[in-house]
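Could you build the full structure based on these sequences and the hints that come with them?
If you want our numbering, it's the position in the sequence shown, counting the first as 1, plus 52.
I should point out that these hints are in silico values taken from the structure, not numbers from a laboratory.
Among the hints, a few may not be true.
Stated by the list, open to error - Label pairs and their calculated CB-CB ranges:
1. Lys66 / Ile89: 32 to 40 Å
2. Gln83 / Phe63: 15 to 23 Å
3. Asn90 / Gly68: 28 to 36 Å
4. Ile62 / Ile86: 24 to 32 Å
5. Ser91 / Gly68: 29 to 37 Å
For every residue, glycine included, the Cβ atom is placed at its ideal position computed from N, Cα and C.
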Amino acid sequence: MGSCGNPRFIFLKKIGIRTCRFFSKMRELQQIKILQINS
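Take a look at the structure:
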């Protein structure tokens, strides 16, 4: 949920918190993939 507080995610608040959570999960999945590739 930390991403939802970032300035660049402020516009998502207008769309809805669900959208913010969706993007947060997408970022988490990308980070996990990067970690798997690096390890």
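Consistency of the hints with the structure:
Checked against the hint of 32 to 40 Å, the C-beta distance between Lys66 and Ile89 comes to roughly 34 Å, which is consistent with it. For the pair Gln83 and Phe63, the supplied restraint of 15 to 23 Å holds, since their beta-carbon distance comes to about 22 Å. Asn90 and Gly68 have their C-beta atoms about 33 Å apart, which keeps the hinted 28 to 36 Å range intact. Checking the proposed 24 to 32 Å range against Ile62 and Ile86 shows it holds: the Cβ atoms sit about 26 Å from each other.
Separation of Ser91 from Gly68 is about 35 Å and conforms to the stated range, judged on CB atoms against 29 to 37 Å.
In the structure shown, no violation is registered for any of the earlier numbered hints.
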